[in-house]
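From first to last, the protein sequence lines are chains A and B.
Under my numbering, the first residue of the first sequence is numbered 1041, with each subsequent residue one higher.
Under my numbering, the first residue of the second sequence is numbered 467, with each subsequent residue one higher.
It is possible that some hints are incorrect.
As the list claims (entries may be wrong) - Which residues of chain A face chain B? A partial, calculated answer using Cβ under 8 Å: (1) Q1042; (2) V1341; (3) I1344.
As the list claims (entries may be wrong) - List time: in silico SDA-like cross-link candidates among lysine to any residue, alpha-carbon distance up to 25 Å: (4) B/K687 with A/V1086; (5) A/K1116 with B/L719; (6) B/K551 with A/A1253; (7) B/K551 with B/D617; (8) B/K687 with A/A1253; (9) B/K551 with A/A1048; (10) A/K1116 with A/A1253; (11) B/K687 with A/A1160.
Honestly, the hints are just simulated from the structure, not real lab data.
Note that beta-carbon positions come from the ideal geometry of N, C-alpha and C, so glycine has one too.
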Amino acid sequence: MQIYLPIADLPVNIFLILGMGLAVGFISGMFGIGGGFLMTPLLIFVGISPAVVVASVASHVAASSMSGAMAYWRRKAVDVPLALMLLAGGILGTAAGVWLFAVLRSLDQLDLTIALCYVALLTVVGGLMIAESVRAIIREQKGRPVTPRRGGAHTWIHGLPLKMRFKRSKIYVSAIPVWMIGFIIGFVGALMGIGGGFLLVPMLIYFLRVPTATVIGTSMVLTLVTMASATVMHAATNHLVDAVLALMLMVGGVIGAQFGARAGQNMRGERLRLLLGLLVFAVGLRFAYQIIVQPGDLYSVRLIGVL
Amino acid sequence: MMGIRAFTTAMLAAVSTAWASPAHAERLIASISRHQVMVNSSFTGTSIVLFGTVEPDTPTGRLRDAYDIVITVTGPRQALVTRRKERMLGIWVNAASRTFVNVPSYLVVLANRPFNEIGNTDTLRRLQIGLDYFQLPQQIGPDVADVVRDDPYRVNFIRLKTEHRLYGQRTNGVTFLTPTLFRAEIELPAEAPFGSYEADIKLLAAGNLLVRTTSAFEVVKVGFEQFVASAARDFGLLYGIVTVMMALATGWLASVVFRRD
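Looking at chain A on its own, in the form it has when it is part of the complex (with noise of 0.2 Å):
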């Protein structure tokens, strides 16, 4: 069955976008992450612009981690200063990556930049994620207890200035890298369409030293903020938001979520990291397959005025 999508402007199968919502939710329930990194480039190659993709996708997000925040909220999983302050930066990130995705996309560079920051964040995150998961499955095989993380260890980065005090994560770091990390993650999730739920968390972990407890449930409230003023950004200066694809995104989404959840709950800690940072790698490296090998085809039409 085929629906129009009004802003996209072109015809698509009402089930290919369902069956695709349903399995990056499933995905993104799995390895609690908003999916976005897999939406996105899957939209694309089925042949949706890349623009209009992520100013979707972005609604799309928001209502994944919605469903996702709202269950760490009952579960008092959500440090509400270290949102407040990641939000700071976060939506400021969100402003400028919204201003730079409508630069580029006026000088024709917007496609490529975007599958160029895919394959710089896929690649990157994908093997970091990779090496540390197979370190962590090795260590655990030569049954070696896992060491765990000195509470004292003091990086460069605690003696920046500004501390604050968050009590529910019960850190004591400055803010500057609070919205440095807001910033970032706002920044490069207007301009490719990703939440960074995938991003975010091993940066809260690694620099900031947020427990496990608070470090998912605090990312999905960030990710949920930054997503829906993504949206309403895109769509008040790009008019790019298609609401219809973001509705049957957003359906399949959230049920796929559910299935997602129950699958990833039976699995080892490691064994997911290992095939989320798997997964992340293979969407880099099919980015970089795309702007490495010649094209089939060297021009391009784009429409710039009607007359």
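Go by the hints and put chain B onto chain A.
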């Protein structure tokens, strides 16, 4: 005196020409099946049928043995940029570009037989018959002009538009049902842009244009699609807020329906 004589001479000349070829004045009448194409959520393309007939202009007039029909359908005018990718530092980037100004978003040329049998190159160029001879002006520096037919940007622009079924030509697109009654089918793909379309119908015989007429139709977005598209364009901020509300409601509903704790 001179004026009167000149006028008389002209009149005599006109009359004698008319006498010399009394039968060769035709009228072209054409009608299309639909004047409005509605695009809704289930729109996957459609076709419009054009019927036409050739009639003698005067009751005493006679018709020729064979006619040719060329129908050129054009959609709303657009400015389009055609870009070419080049390899830079190992990756493929959009490099050079050409801007096509004021070209039809949709362009389909239908005829009853190959263009080169209908008229010679001069005629085809003058009457802009076929994609090869249709004027596609490009912005070249400060000037706007059409370029040679085998210009790579022009060729690839037409190719890409043809792949999207927005440009095309069919030399068997017009069928003569009787020697004077013809029928043509105008295919509109799902991507057909919104706006007014014009069908320019030319009647030719032995390589000469006899008469031309036009017919128009409109492609309009209706119902929900129209509402969504115009809301996104005219009330971007509000549209964004509503979309976010929808996202939050979907997420909230899911967390309530599937609540496990």
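A quick look at each hint next to the structure:
no., hint, verdict
1, Q1042, "holds (5 Å)"
2, V1341, "holds (5 Å)"
3, I1344, "holds (5 Å)"
4, B/K687 with A/V1086, "holds (24 Å)"
5, A/K1116 with B/L719, "holds (20 Å)"
6, B/K551 with A/A1253, "violated (48 Å)"
7, B/K551 with B/D617, "holds (16 Å)"
8, B/K687 with A/A1253, "violated (51 Å)"
9, B/K551 with A/A1048, "holds (23 Å)"
10, A/K1116 with A/A1253, "holds (9 Å)"
11, B/K687 with A/A1160, "violated (41 Å)"
The structure fails hints 6, 8 and 11 (numbered hints given earlier, in ascending order).
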